[in-house]
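Participant: The chain contents come next:
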Amino acid sequence: MKSNSRTKNLIIYAISVTAVLATAWLGTGCRKHAVGVTSLSSRETVIRSGEMLSFIPSAMTGTTPAVKSISAPRNAEELLIIARKSNPTTPQDETPGSGALMTEVEGQQVPMPLKHTDVRASVAGYIGSVEVVQQFHNPYSSKIEAIYVFPLPHNAAVNEFIMTIGERRIRGIIRERKEAEEIYQAAKSQGYVASLLTEERPNIFTQSVANIEPGKEIDVTIKYFHTLDYVDGWYEFVFPMVVGPRFNPPGTTNGIGAAARGSPGSTGQKTEVQYLKPNERSGHDIALKVEVDAGVPIEEFTCRTHNISHSSPSSHQLTVALKPHDNIPNRDFVLRYRVAGDKIKTDLLTHRDERGGYFTLMLYPPAELKNLTRQPLELVFVLDCSGSMNGLPLQQAKAAIERALHLMRPGDSFQLINFSLSASQLGHKPLEATPENIQRGLQYLRSLIAEGGTMMIEGIKAALDFPHDPERLRFVCFLTDGYIGNETEILGEVHKRLGASRIFSFGVGSSVNRYLLDHMAKAGRGTVAYLGSRDDGAKVMSAFFERISHPGMTDIAIDWGGLQVSEVFPRLTPDLFVGRPVILTGRFQGEATAPIRVTGKVARERFDFSVPVDQETTAAHKALPSVWARMKITDLSDESTYAPDPELPDQIKQVALDYGLMSAFTAFVAVDSSQQTDGTEGTTVPVAVPVPEGVKYSTTVPEK
Amino acid sequence: MSAPIQRSAEHRLGSFPNLLNNWPRRSSALLLALLLVFCGQLFAQSPTNTIRFQSVEIFADSQATALAAYQLEVTITSGNAKIVGVEGGAHPAFAEAPFYDPKAIQHERVILAAFSTQPADKLPTGKTRVATIHLQISGTDELKFETKLTTAASSDGKKIAVEISATEQRAK
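If you read the protein sequences in the order shown, they are chains X and A.
So for the first sequence, my numbering puts the first residue at 111; every next one is plus one.
So for the second sequence, my numbering puts the first residue at 105; every next one is plus one.
No wet-lab data here; the hints were simulated from the structure.
On a predicted model such as this, the values are computed, not experimentally measured, just so you know.
Mixed in with the good hints, there may be bad ones.
To be verified - Mimicking DSS-like on lysine-lysine, the simulated pairs with C-alpha atoms at most 30 Å apart in a straight line are:
(1) Lys263/A x Lys276/A
(2) Lys649/X x Lys806/X
(3) Lys606/X x Lys380/X
(4) Lys380/X x Lys763/X
(5) Lys433/X x Lys333/X
(6) Lys226/A x Lys288/X
(7) Lys711/X x Lys399/X
(8) Lys433/X x Lys806/X
(9) Lys263/A x Lys732/X
(10) Lys225/X x Lys288/X
(11) Lys207/A x Lys763/X
(12) Lys263/A x Lys207/A
(13) Lys252/A x Lys276/A
(14) Lys763/X x Lys806/X
(15) Lys539/X x Lys571/X
(16) Lys263/A x Lys248/A
(17) Lys248/A x Lys288/X
(18) Lys333/X x Lys226/A
(19) Lys262/A x Lys732/X
(20) Lys262/A x Lys231/A
(21) Lys231/A x Lys276/A
(22) Lys333/X x Lys207/A
(23) Lys252/A x Lys326/X
(24) Lys763/X x Lys732/X
(25) Lys326/X x Lys387/X
(26) Lys252/A x Lys732/X
(27) Lys288/X x Lys231/A
(28) Lys262/A x Lys207/A
(29) Lys433/X x Lys225/X
(30) Lys732/X x Lys248/A
(31) Lys399/X x Lys326/X
(32) Lys387/X x Lys508/X
(33) Lys732/X x Lys226/A
(34) Lys539/X x Lys649/X
(35) Lys263/A x Lys763/X
(36) Lys480/X x Lys649/X
(37) Lys225/X x Lys387/X
(38) Lys225/X x Lys276/A
Here chain X stands alone, though its shape is the one from the complex (with noise of 0.2 Å):
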């Protein structure tokens, strides 16, 4: 019996043991086969089944012709697949003169998941509907994963999102951001087809799209609705195509990392962007068109970023498009347009729904403000000395700066500011602006140079933290790229320490952090102005010195003529200053039954103004629910920024959810249910975008 028995243990645990090792094998054959392409050894050649195969100009390869190799960058394998015939990537395809035919000739050509970006544009007034398709494909041998770092506006009311699989358009859902990355990894885990998008920065999101087969493409949709700025007598729309290398002080790890291309995760930073060497060209390209409706006639237009074809339906329409040979996405796109002068005056949008009325208010300053002289400046140049602005955008802030200083009058005083790692500066105090003060301070302002760290904050406390003139009105002026991973901190100690200051930040460069300058400019109670690598950086700060030449209206207070207007934002109206309208958006009930009345002081002395509203002629415009809910979600955010409160991101989470918006705590998710693709999920791609245009890479991207 004993014997019998030992015998049936035997048996039962051979059969157990067999029946583990089994599962373990069968587990590790499941895990090997979800990573796809890393369980294929170097040097594998794949050859898939009805693929057509195609033979790639030696030309273009420097190698053999027939075989591409084409590296998985996450994990630093090379896989060696068959280029197939319906995706050729041949110099045919690249842009003559563009830098992309040499580095073909190099065989530098970068096969990336993200093929191409279309964005379609409409403006109505002086607001933008804009439509942007990412279209991804996979051209590996094996399912991935591919993530998209890219900027959109700052103040972007993202409300739509759809993934396009064939004809198929699956509409993704808004939710809370926890969830929708859960959703999302559950999904990729599974084999779905899905895709993701979230908020990094107000602008800066992430694409992440999960399960590409070989072979196969998925459209991405992002509809958003933002208000143009108007700058001096021009609307300006602009669309930003990327992300500039960002730098990050040490010990943050929730930054925005700039790494080179194949070496995921070198930044130690939550959201990296990948960034192609100055040789490498990745075949993204991008297609833009705007069509722009002002009510009014167009004067005249602009668009120094980019080669243009336009045309013009009307006299109060024009429709612009990029030029096929222009399709780098490697630096904003500006168009600027100018409307009849006589037609321009604030101007009330109005809109109902079942959720109540919504308003956009664009207060144009009053006319009369030019006729008025100013106070003495003080004026504090603080000028970015970091890498990233080494070459070309050096240049033009010295060259603005130095146009500033010729352009200052006796009375005034000067400080010259220059940070990297550390900040230095001309003088222990502000220089009165004599003729001998001022060679002084251009002699210093040519000798530096840019190299470094950006170590913003070193600038702001020695641009604000000394004593103020009275007798003098302060303007800080910041000449930057704001390519630093460190906004919240940066905007909180500009909160903390600007006493009397007003801040004026210059945006310097092709593709510039306009969220960071446009809320430093906010938070200083000043504007904002940007000097583009096209640009003439003397003309920009002319143009700055004419508005503030004359006084700006403060302490603005506005009668809102009998309608009961709430939530308005933001909740302090900024000054208004000659050639810069604020636009103030709320919510409304009731009809107006008096012209709104706007007060202020200009120089100290009491005005005001009066703006007539016929409600006939608000033309209803429906994003304006979109656009009153994404100035509050900025509002609760900057509120977070300078007083923060733990109640704050339930409440921005909440506004978000409720009106279908991205935020830094709402996510869009879309899966595709009906199909699961085979394994489990594919190796991980980040798309490497080249450094915006006049960036110099050596300088700003870390080599691992």
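Given chain X's structure and the hints, the job is docking chain A onto it.
Facilitator: Same frame as chain X, now just chain A:
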């Protein structure tokens, strides 16, 4: 009192021959442990703790009248389900993904609406799939949902009678 302690010490210091000598007891313990491991694995793979995805296809039957617009409501009444996508329909007139109410979807209730400005001869008649809802489902509870038509209209803007139905679909 001391004997169990000694056995316990022997067990801890037990060599391989000791293990064989005590085989029946040891094997039973080992088997029990293995069974627990297996049960654990089975439990982990059982639907109780799993997350799965599936879709629900929504059909509208407008009989002989061309369907130009609809608004309907789908409510998850049972089963731990989250809506993870809303897809357009089979007919080209309703191929675009329908709009949903973001407030309702927070409570796993989806109010869908779509319209087409196409002429009547380019609009669907009879039973047609107008939307597909993609779901993530956790646990084993049976999925139950209700569909309700809010309104539907023909191409000339007249309210029409439409029958709404839905069927569950598993992933291919």
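Participant: Work down the list of hints and note, for each, if the structure agrees.
Facilitator: Checked hints:
For the given pair, Lys263/A sits about 37 Å from Lys276/A by alpha-carbon distance, which is inconsistent with the 30 Å threshold. Taking the CA atoms of Lys649/X and Lys806/X, the gap is about 25 Å. The hint holds against a cut of 30 Å. Between Lys606/X and Lys380/X the alpha-carbon distance is near 27 Å, which keeps this suggested pair within the 30 Å criterion. Distance restraint check for Lys380/X and Lys763/X: the Cα-Cα separation of roughly 21 Å lies within the 30 Å cut-off, and the hinted pair is therefore satisfied.
Distance restraint check for Lys433/X and Lys333/X: the Cα-Cα separation of roughly 23 Å lies within the 30 Å cut-off, and the hinted pair is therefore satisfied. This hinted pair does not check out: Lys226/A and Lys288/X have alpha carbons roughly 42 Å apart, beyond 30 Å. This hinted pair does not check out: Lys711/X and Lys399/X have alpha carbons roughly 42 Å apart, beyond 30 Å. Taking the CA atoms of Lys433/X and Lys806/X, the gap is near 26 Å; set against the 30 Å cutoff, the hint holds.
Restraint check: the Cα-Cα separation between Lys263/A and Lys732/X comes to about 25 Å, which is no more than 30 Å; the hinted pair holds. A distance of roughly 29 Å separates the Cα atoms of Lys225/X and Lys288/X; the hinted pair therefore holds under the 30 Å criterion. About 12 Å separates the Cα atoms of Lys207/A and Lys763/X, which keeps this hinted pair within 30 Å; it holds. Only pairs whose Cα atoms come within 30 Å are accepted, and Lys263/A paired with Lys207/A is accepted, the gap being roughly 26 Å.
Distance restraint check for Lys252/A and Lys276/A: the Cα-Cα separation of roughly 28 Å lies within the 30 Å cut-off, and the hinted pair is therefore satisfied. For the proposed pair Lys763/X and Lys806/X, the alpha carbon gap of about 38 Å is over 30 Å, so the pair is violated. Between Lys539/X and Lys571/X the alpha-carbon distance is near 14 Å, which keeps this suggested pair within the 30 Å criterion. For the hint pairing Lys263/A with Lys248/A, the CA-to-CA distance comes to about 29 Å; that is within 30 Å, so the pair holds.
Straight-line distance between C-alpha atoms of Lys248/A and Lys288/X comes to about 26 Å, which keeps the hinted pair within the 30 Å bound. Of the pairs offered as hints, the one joining Lys333/X and Lys226/A holds, with about 28 Å between alpha carbons and a cut-off of 30 Å not exceeded. Under the criterion of a C-alpha separation no larger than 30 Å, the hint pairing Lys262/A with Lys732/X is consistent with the structure, at around 25 Å. Proposed proximity of Lys262/A and Lys231/A is supported: the alpha carbons are some 19 Å apart, at most 30 Å.
A threshold of 30 Å between alpha carbons decides the hint, and for Lys231/A with Lys276/A the separation of about 23 Å falls inside it, so the pair holds. Distance restraint check for Lys333/X and Lys207/A: the Cα-Cα separation of roughly 19 Å lies within the 30 Å cut-off, and the hinted pair is therefore satisfied. Proximity of Lys252/A to Lys326/X is assessed by CA-CA distance (about 37 Å); at most 30 Å being required, the pair is judged violated. As the CA atoms of Lys763/X and Lys732/X are separated by approximately 22 Å, the hinted pair is consistent with the 30 Å bound.
Straight-line distance between C-alpha atoms of Lys326/X and Lys387/X comes to about 27 Å, which keeps the hinted pair within the 30 Å bound. At most 30 Å may separate the alpha-carbon atoms for a hinted pair to count; Lys252/A and Lys732/X meet this at roughly 27 Å. Proximity of Lys288/X to Lys231/A is assessed by CA-CA distance (about 39 Å); at most 30 Å being required, the pair is judged violated. Straight-line distance between C-alpha atoms of Lys262/A and Lys207/A comes to about 28 Å, which keeps the hinted pair within the 30 Å bound.
Restraint check for Lys433/X and Lys225/X: the C-alpha separation of about 18 Å stays at or below 30 Å, so the hint holds. Between Lys732/X and Lys248/A the CA atoms are separated by roughly 35 Å; this puts the pair beyond 30 Å, and the hint is violated. Restraint check for Lys399/X and Lys326/X: the C-alpha separation of about 26 Å stays at or below 30 Å, so the hint holds. For the hint pairing Lys387/X with Lys508/X, the CA-to-CA distance comes to about 28 Å; that is within 30 Å, so the pair holds.
Between Lys732/X and Lys226/A, the direct Cα distance comes to roughly 28 Å. Compliance with the 30 Å bound is thereby established for this hinted pair. For the hint pairing Lys539/X with Lys649/X, the CA-to-CA distance comes to about 28 Å; that is within 30 Å, so the pair holds. Annotation: proposed proximity of Lys263/A to Lys763/X is violated, straight-line Cα distance about 38 Å (limit 30 Å). Under the criterion of a C-alpha separation no larger than 30 Å, the hint pairing Lys480/X with Lys649/X is consistent with the structure, at around 19 Å.
With a C-alpha separation of about 18 Å, the suggested pair Lys225/X and Lys387/X falls inside the 30 Å cut-off, and the hint holds. The hinted pair formed by Lys225/X and Lys276/A meets the criterion: a straight-line CA distance of about 28 Å does not exceed 30 Å.
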